[in-house]
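Full structure from sequences and hints, please.
Here is what each chain is made of, one letter per residue.
Number of protein chains: 2
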Amino acid sequence: MSEKYVYSFGGDYTEGDAGMRDLLGGKGANLAEMIKIGVPVPPGFTITTTACIAFYDNDRSLPPGLEDQVREAMARTEATMGRKFGDRDNPLLFSVRSGARVSMPGMMDTVLNLGLNDETVQGLIKGSDNPRFAYDSYRRFIQMYGNVVMGIEGEKLEVLLEQAKKEKGVKLDTELDADDLKKLVGSLKARVKELTGNDFPEDPYDQLWGAISAVFNSWNTKRAITYRKLNGIPDHWGTAVNVQTMVFGNMGDDCATGVAFTRDPSTGEKIFYGEFLINAQGEDVVAGIRTPQPINEIGRGDSDLPSLETLMPDIYNELVEVYQKLEKHYRDMQDLEFTIERHKLWLLQTRNGKRTVKAAIKIAVDMVGEGLIDKKEAVMRVEPDKLDNLLHPTLDPKAEKELLAKGLPASPGAASGEIVFSADEAEEMKEAGHKVILVRAETSPEDINGMNAAEGILTSRGGMTSHAAVVARGMGKCCVAGCSAVVVDYDNECFKVGDRVFKKGDVITLDGSTGEVFVGRIPTITPQLTGDFATFMSWADEFRKLNVRTNADTPHDAKVARDFGAEGIGLCRTEHMFFEESRIRAVREMILADSLEGREHALAKLKPEQKKDFIGIFKAMDGLPVTIRLLDPPLHEFLPQEEDDIAELAGIMGVSVEALKERTESLHEFNPMLGHRGCRLGIAYPEIYDMQVAAIIEAACDCVKKGISVLPEIMIPLVADVNELKFLKKRSIAICDAAIKKAGIELKYMIGTMIELPRAALTADAIAEEAEFFSFGTNDLTQTTFGLSRDDAGKFLPAYIEQKIFPCDPFVSIDIDGVGALVEIGVTRGRTTRPDLKVGICGEHGGEPKSVAFCHKTGLNYVSCSPFRVPIARLAAAQAAISDI
Amino acid sequence: MSEKYVYSFGGDYTEGDAGMRDLLGGKGANLAEMIKIGVPVPPGFTITTTACIAFYDNDRSLPPGLEDQVREAMARTEATMGRKFGDRDNPLLFSVRSGARVSMPGMMDTVLNLGLNDETVQGLIKGSDNPRFAYDSYRRFIQMYGNVVMGIEGEKLEVLLEQAKKEKGVKLDTELDADDLKKLVGSLKARVKELTGNDFPEDPYDQLWGAISAVFNSWNTKRAITYRKLNGIPDHWGTAVNVQTMVFGNMGDDCATGVAFTRDPSTGEKIFYGEFLINAQGEDVVAGIRTPQPINEIGRGDSDLPSLETLMPDIYNELVEVYQKLEKHYRDMQDLEFTIERHKLWLLQTRNGKRTVKAAIKIAVDMVGEGLIDKKEAVMRVEPDKLDNLLHPTLDPKAEKELLAKGLPASPGAASGEIVFSADEAEEMKEAGHKVILVRAETSPEDINGMNAAEGILTSRGGMTSHAAVVARGMGKCCVAGCSAVVVDYDNECFKVGDRVFKKGDVITLDGSTGEVFVGRIPTITPQLTGDFATFMSWADEFRKLNVRTNADTPHDAKVARDFGAEGIGLCRTEHMFFEESRIRAVREMILADSLEGREHALAKLKPEQKKDFIGIFKAMDGLPVTIRLLDPPLHEFLPQEEDDIAELAGIMGVSVEALKERTESLHEFNPMLGHRGCRLGIAYPEIYDMQVAAIIEAACDCVKKGISVLPEIMIPLVADVNELKFLKKRSIAICDAAIKKAGIELKYMIGTMIELPRAALTADAIAEEAEFFSFGTNDLTQTTFGLSRDDAGKFLPAYIEQKIFPCDPFVSIDIDGVGALVEIGVTRGRTTRPDLKVGICGEHGGEPKSVAFCHKTGLNYVSCSPFRVPIARLAAAQAAISDI
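Protein sequence lines correspond, in order, to chains Y and C.
Just so we're aligned: the first sequence equals residues 1 to 885 in the working numbering.
Just so we're aligned: the second sequence equals residues 1 to 885 in the working numbering.
These aren't lab readings, by the way, just hints derived from the structure by calculation.
Among the hints, erroneous ones may be present.
Copies of the same chain are indistinguishable here, so a pair counts whether it falls within one copy or spans any two.
Claimed, not checked - Calculated lysine to any residue pairs in the SDA-like style (CA-CA distance at most 20 angstroms, straight line):
1. Lys741 <-> Arg132
2. Lys559 <-> Gly707
3. Lys611 <-> Ala586
4. Lys729 <-> Ile801
5. Lys171 <-> Gln122
6. Lys661 <-> Ala650
7. Lys661 <-> Asn492
8. Lys730 <-> Asp489
9. Lys605 <-> Glu78
10. Lys741 <-> Asp489
11. Lys166 <-> Lys182
12. Lys168 <-> Ala650
13. Lys730 <-> Thr226
14. Lys619 <-> Ser709
15. Lys496 <-> Ser666
16. Lys795 <-> Leu660
17. Lys611 <-> Asp235
18. Lys545 <-> Thr50
19. Lys795 <-> Arg663
Put into structure tokens, the structure is as follows:
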């Protein structure tokens with residue numbers, strides 16, 4: 001006896017179930033499962049994926065035994081339906097569909113209305129009492145079968161339909177009547193014979209064998225192979241074939257077809273919600289030609305059409321029973337397709353319904369309340385990245401939009417405003433009450449105030465971790481970066497996209513979640529955080545093991561992040577503070593001083609300012625740890641670039657423009673990323689770090705005196721060797737201890753380091769001798785591990801991702817094989833020396849779900865991310881912890 | 001009974017030997033060893049390092065039992081010498097010296113002439129018949145003891161000597177007579193009493209205990225502790241103390257003192273060679289006040305003074321016997337110090353003599369011939385780095401020199417020439433018959449022809465692996481790099497050092513082995529390679545396991561390297577070829593083309609040129625493998641920088657200067673080192689690599705047809721992910737196989753990759769799926785592992801090394817902990833996938849002995865280095881292999 005290739009389903013009988021996905025494919029398993037729980041599904045049978053493999057092993061012929069098993073299953077289907085395949089009076093028709101283990105939408109072939117021929121079409125006329133419907137079904141079947149099974153180009157049969165309409169002088173298919181269609185059937189068959197040399201098969205079983213073989217063959221079309229390669233689906237899986245009774249919602253007024261959601265997919269409310277049409281096919285409901293009717297009174301909305309509840313109360317009640325059964329069984333909101341044929345309800349499909357993130361949260365919370373799922377499952381039900389939409393304004397989906405260009409979705413949210421090209425102008429316009437979009441080729445730290453003033457930022461260069469992107473995410477402000485179609489012309493205060501010119505003051509709209517740039521102003525929708533959100537997040541917090549901190553440089557950002565649930569600051573960058581207008585002059589004086597005294601003089605001016613900064617941040621983070629990174633970027637970043645600014649500064653400093661330029665030039669670096677920055681500055685000019693450390697600890701002491709609980713963590717950046725840390729730690733401890741003693745209070749502080757160079761990770765055991773904590777700076781670690789400058793990668797990284805050379809942008813999602821390997825080495829070696837070493841991550845990856853999962857798996861203590869990504873990180877951490885169990 | 005703390009030596013009795021270095025210190029063990037082989041050494045005893053530790057354990061007091069053991073040893077010494085310590089007629093005097101396990105020169109204390117007091121000085125007068133000598137010894141002893149043991153500042157006693165001379169109205173110490181010195185002794189003692197409140201100790205044993213304690217105490221002076229920390233010497237080792245009979249070469253004309261080498265330290269010839277002085281102290285021989293006499297007739301040279309051989313033939317013969325014994329015993333050329341006291345020969349010290357590299361090779365080869373050492377030992381006797389001096393001209397050591405500035409010793413050798421400031425000018429001047437030194441702030445690939453034309457290169461910026469340094473080493477041309485004291489002013493064609501101005505045409509001299517820059521022309525000595533060198537290197541080759549290849553870009557360099565023993569090319573950089581005047585225009589056309597067609601058009605011009613290059617190199621390397629790296633640097637490096645050049649190119653290309661500048665600007669990168677270069681170019685513009693691969697293989701096919709044996713290895717640079725290699729390898733194989741088929745010949749070729757990014761090393765297992773060989777590019781790997789640009793590191797790396805934050809420049813000697821760890825990971829993982837993977841290194845480290853040793857240990861197949869370092873690498877590889885056994 002041959003292997004079992006065919007699994008029947010129908011009525012209350014099924015041989016398969018949801019667990020048999022590998023054998024029956026996703027669709028087949030699901031159909032079986034629905035039957036199993038008593039949902040009325042048109043009966044039929046599934047031919048297994050093993051039959052597909054056997055088909056290929058058998059030189060692309062149906063394997064021995066298969067035909068007998070199909071005939072047997074057909075008999076069972078006929079018995080269930082009380083009708084016969086190929087019957088001339090009331091024939092059963094079938095759909096023949098592919099169904100692989102995982103969905104490969106549109107990749108493989110389908111045949112509908114199988115079983116029609118010149119005889120059975122008469123039966124269909126008789127059964128439906130609708131000759132037009134019968135002939136229309138017949139001509140569709142011939143076209144589809146001719147194309148899919150017999151290999152005729154679709155166009156070559158479609159022309160006959162066009163010809164028929166032309167002959168009759170009409171435009172719409174629906175204007176052809178039964179006779180026209182009958183004639184069309186004749187000419188289609190003749191054309192098939194002409195094109196293939198074969199008659200169109202009249203025997204329903206011949207039709208069936210052809211269709212099954214065609215579906216098997218479609219597993220190995222070029223597009224299917226490509227799709228599998230791109231999606232990592234093995235070629236040897238094969239596809240199943242589902243042969244299922246056709247049911248018709250368009251046989252008359254006791255027929256209907258519709259779609260429904262078991263809850264509102266947009267709000268999540270527990271309302272059965274759907275639309276249907278009397279005497280129609282499935283595609284009519286979504287096609288928008290006829291206006292669909294509400295399924296019930298509660299979901300009527302503005303519609304004045306009669307509902308199914310009113311028109312067919314018994315059927316509606318049956319549908320309600322079915323949906324409740326399905327939702328209970330699948331324990332999730334379902335998206336249903338149903339057809340009513342001659343007042344008989346059939347379910348064609350059920351699947352977990354797509355929903356907005358707001359709905360996802362409400363449904364998850366409600367279902368826990370209903371006892372359908374537990375909290376763990378609820379937490380797993382929301383995609384962390386989607387939370388972004390809850391936290392930022394979004395474009396009104398109903399508004400008309402004119403797309404101008406597309407860049408990188410660098411920071412989510414949406415905003416409209418007048419174009420400005422300089423940071424100063426952005427500030428001025430904002431003060432004058434305008435909303436502006438700052439458009440730059442790229443931004444630099446000098447632009448921060450302008451970025452803050454703008455509603456959104458658009459740059460033509462730079463990637464997902466460019467300055468603009470990082471700062472905008474930190475501010476929770478929308479940003480489209482690296483939009484290379486936008487060519488900025490500062491001199492003429494305009495930008496071009498192709499031939500179109502946009503001037504200062506013209507209005508554009510950005511969607512930072514998609515990277516789209518639109519012409520003109522588009523209304524936005526501001527989200528509201530609900531109680532469900534808080535409940536949901538509190539459940540996430542119950543499961544996660546990772547702490548979530550934030551990257552914040554100002555008391556305002558710190559507060560925002562704390563409100564989003566941040567449990568401390570993982571990265572407070574001190575350099576942004578240096579750019580404030582009141583300070584940049586002193587910063588420049590310090591840099592350009594050519595003696596220790598000169599630097600100390602300038603630093604003395606900066607110290608009270610820095611101290612003020614830290615007091616503000618400590619207050620905002622009362623009771624929570626705050627990691628402060630000492631000065632990191634190369635000094636020349638702080639120097640003026642424009643001629644005017646240089647001249648002005650020279651005047652203020654009392655030196656010549658030439659001297660100033662010379663000094664600036666001497667600070668030039670070929671590769672600033674790999675240059676004199678981070679702790680290398682701290683070692684060359686210890687007085688800078690001394691000032692910062694003193695400011696931190698004095699601020700902490702002041703706070704402690706005011707009853708604020710402070711946990712300062714001083715972080716030394718860009719350490720490559722433990723000796724660097726040793727040198728700086730010793731100085732820092734001396735300063736801290738003296739300040740604490742002087743203040744006469746108790747204060748615990750820690751000194752640790754960024755691990756952001758491969759060498760630091762590789763020698764983490766030595767570094768942990770000195771470091772009291774590690775924070776992985778995965779931005780720089782990615783740059784050095786790949787040898788890839790994020791400022792320059794824009795020229796080739798997009799092509800790399802498009803060509804699948806890199807699976808994704810390593811600056812967005814951590815590269816587990818390379819950068820991740822170093823993180824693991826760093827954690828392992830660091831904890832060899834110091835088993836209780838506190839380890840976190842403060843790169844951009846700290847708020848990206850896949851990276852957060854990696855951090856969980858690697859045993860980090862916390863992730864730190866920009867304020868608006870804190871909820872995302874919390875949820876991702878919870879999901880990682882749950883998946884890990 | 002207490003532990004044995006004291007080990008005697010003298011006459012033919014010794015308790016110690018050379019193996020007891022840990023216990024007796026280096027000096028003590030060596031003194032014992034000399035006695036053991038019957039060399040006349042002044043007798044005495046060594047107090048062990050364990051006594052030092054016991055001293056510290058005993059609150060810095062001499063441990064119980066020590067004094068008794070000292071008295072016992074003293075008795076034995078007295079018996080050997082037939083004189084007594086503290087004897088009033090003919091007293092024994094002693095030196096008391098420190099002696100740790102390893103030499104810590106000048107770090108600890110010494111006391112000489114111990115045992116003198118008012119009574120014994122009379123005995124010394126009697127014994128020497130020289131009151132002035134006796135009182136001079138006495139006053140020296142008081143000053144030394146007062147300072148070292150009694151803690152009086154040296155200056156406070158020295159003033160009395162000055163006062164005595166002043167009073168007498170003389171200037172030199174030697175002008176004071178016995179009476180003056182006797183008086184001085186009195187006033188010194190009075191001053192000691194005055195300053196310390198204690199009498200100067202008269203009792204010889206009191207003096208001895210004091211001196212021993214002082215030496216023990218000097219183990220823990222601040223400078224000694226610092227020295228140990230810097231040199232990694234453990235604090236717990238302690239020092240031994242050597243108490244040894246004083247002998248005097250200055251007691252009269254039957255006394256003498258001298259130094260000798262058992263072979264000529266400058267040529268290595270087997271001639272006993274030395275100098276001595278009658279009636280003198282050791283320091284007089286080297287002080288240069290009196291002209292030393294030749295020790296024998298054969299080494300007389302130009303001297304007309306009588307030799308020891310003539311004056312004291314019996315003593316000379318004894319000395320010859322001793323030196324032969326010592327050389328045979330120590331199996332190496334010895335550097336002896338001897339004293340003749342009253343016609344009795346004493347050896348004070350023997351040690352392996354310093355020698356020139358030429359002598360080192362001759363001595364090693366001769367000693368193998370003499371059966372003193374075997375080849376293995378001979379190979380270990382020469383420091384690989386020193387070979388440099390054999391291969392390059394050196395400055396005449398006798399010439400007068402005016403040092404101007406000091407930079408980095410970037411490429412060895414010495415050269416003089418007229419200053420020029422541009423590469424073009426260097427070429428012109430060279431053609432006009434001038435010798436020139438090219439002086440630049442830094443060099444770029446555009447300067448290569450000028451560098452080639454110059455005798456030497458001086459740059460004010462850049463490190464040991466800057467462009468200038470790397471290229472100069474490749475050319476075997478001397479280079480001083482990063483000489484920051486030199487401020488170049490191109491506009492005025494001059495450079496300044498402080499206030500001094502040097503103009504074009506002024507002559508300077510460079511010493512690339514020391515980094516020194518001198519004013520004017522200094523004669524140089526051109527080395528000659530001897531037959532001994534060839535013999536010696538052939539022995540090295542017998543032992544080494546590593547192959548040694550060369551980095552060479554031209555047939556000329558390839559030939560030079562092959563003559564130096566290179567076994568193939570490990571790195572042939574194709575980009576240098578692009579800079580030749582005949583090509584740079586086509587290269588620029590290619591870069592600036594904005595279409596595939598445009599690039600292909602330009603590439604078609606370049607291909608025949610590239611093919612010619614490769615044919616030349618394959619010919620030079622007939623039978624040896626040649627690894628060719630495809631284009632690596634970012635394209636903008638090839639573009640013109642100067643306004644004139646840009647205008648010229650724009651003219652040639654028929655585009656506007658603005659357009660050209662815009663394109664150039666668009667190629668600008670923030671961090672070119674981490675930018676669009678290496679295989680990233682090959683992926684963005686596959687036609688470039690296609691052209692290069694075709695040129696390589698077509699050249700190889702042409703050579704094969706001419707009977708030349710070619711082993712081409714195509715190397716893809718800057719791979720971060722296996723997918724990059726996969727993409728490029730597939731294209732390359734197609735091109736190669738087609739070309740080989742077309743040529744109708746047999747040709748094996750390999751395709752491999754540089755491992756020069758941390759990610760490549762970390763994912764080497766995946767990369768080895770595609771790569772047929774690995775070559776570690778440790779220059780770039782060092783840059784990325786440390787996050788350190790070698791072009792910018794000059795600003796802080798020197799300070800790092802000075803402050804011992806880094807033990808050495810990681811661009812010079814491979815950083816074993818970080819970069820080395822990645823190399824090991826890369827090798828291990830690569831060979832997991834492909835066990836026979838050929839692995840080499842082609843960074844600058846390939847010619848640095850410590851790095852070569854690391855490569856040997858890590859199991860690499862070969863190192864590759866610049867031609868002039870090939871012999872160094874061969875020797876270093878041999879030594880690593882021998883050390884490994």
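Each hint tested on the structure:
Taking identical chains as interchangeable, the C-alpha atoms of Lys741 and Arg132 are never at most 20 angstroms apart, the minima being 97 angstroms within one chain and 64 angstroms between chains. In this assembly of identical chains, the alpha carbons of Lys559 and Gly707 lie at most 20 angstroms apart only when taken from the same copy (19 angstroms versus 78 angstroms across copies). When the C-alpha separation of Lys611 and Ala586 is checked against a cutoff of 20 angstroms, the pair qualifies only within one copy, where the shortest distance is 15 angstroms, while the shortest distance between copies is 59 angstroms. Taking the shortest Cα distances, Lys729 and Ile801 sit within 20 angstroms of each other only across copies (19 angstroms), while inside one copy they are farther apart (42 angstroms).
Taking identical chains as interchangeable, the C-alpha atoms of Lys171 and Gln122 are never at most 20 angstroms apart, the minima being 27 angstroms within one chain and 141 angstroms between chains. Proximity of Lys661 to Ala650 under the C-alpha cut-off of 20 angstroms is restricted to the intra-copy arrangement: shortest distance 9 angstroms within a copy versus 29 angstroms between copies. Taking identical chains as interchangeable, the C-alpha atoms of Lys661 and Asn492 lie at most 20 angstroms apart only when they sit on different chains, with a minimum of 19 angstroms there against 27 angstroms within one chain. With identical chains, the CA atoms of Lys730 and Asp489 are never at most 20 angstroms apart, being 50 angstroms at best within one copy and 42 angstroms at best between copies.
Taking the closest pair of Cα atoms, Lys605 and Glu78 never come within 20 angstroms of each other, the shortest separation being 92 angstroms inside a single copy and 75 angstroms across copies. In the homo-oligomer, the alpha carbons of Lys741 and Asp489 never lie at most 20 angstroms apart, since the shortest distance is 57 angstroms inside one protomer and 53 angstroms across protomers. For the homomeric pair Lys166 and Lys182, the shortest alpha-carbon distance inside one copy (16 angstroms) is at most 20 angstroms, but the shortest distance between copies (141 angstroms) is not. In this assembly of identical chains, Lys168 and Ala650 lie within 20 angstroms of each other by CA distance neither inside one copy nor across copies; the values are 86 angstroms within and 65 angstroms between.
Taking CA atoms no more than 20 angstroms apart as the test, Lys730 paired with Thr226 passes between copies only; the shortest distance there is 17 angstroms, against 59 angstroms inside one copy. Only within a single protomer do Lys619 and Ser709 lie at most 20 angstroms apart by alpha-carbon distance; the minimum there is 8 angstroms, versus 76 angstroms between protomers. Taking the closest pair of Cα atoms, Lys496 and Ser666 come within 20 angstroms of each other only across two copies (16 angstroms); inside a single copy the shortest separation is 36 angstroms, beyond that limit. For the identical chains of this complex, Lys795 and Leu660 are inter-copy neighbours only, at 19 angstroms across copies versus 33 angstroms inside a copy, given an alpha-carbon limit of 20 angstroms.
Proximity of Lys611 to Asp235 under the C-alpha cut-off of 20 angstroms is found in neither arrangement, the shortest distances being 63 angstroms within a copy and 43 angstroms between copies. Taking the closest pair of Cα atoms, Lys545 and Thr50 never come within 20 angstroms of each other, the shortest separation being 43 angstroms inside a single copy and 55 angstroms across copies. Taking the closest pair of Cα atoms, Lys795 and Arg663 come within 20 angstroms of each other only across two copies (13 angstroms); inside a single copy the shortest separation is 31 angstroms, beyond that limit.
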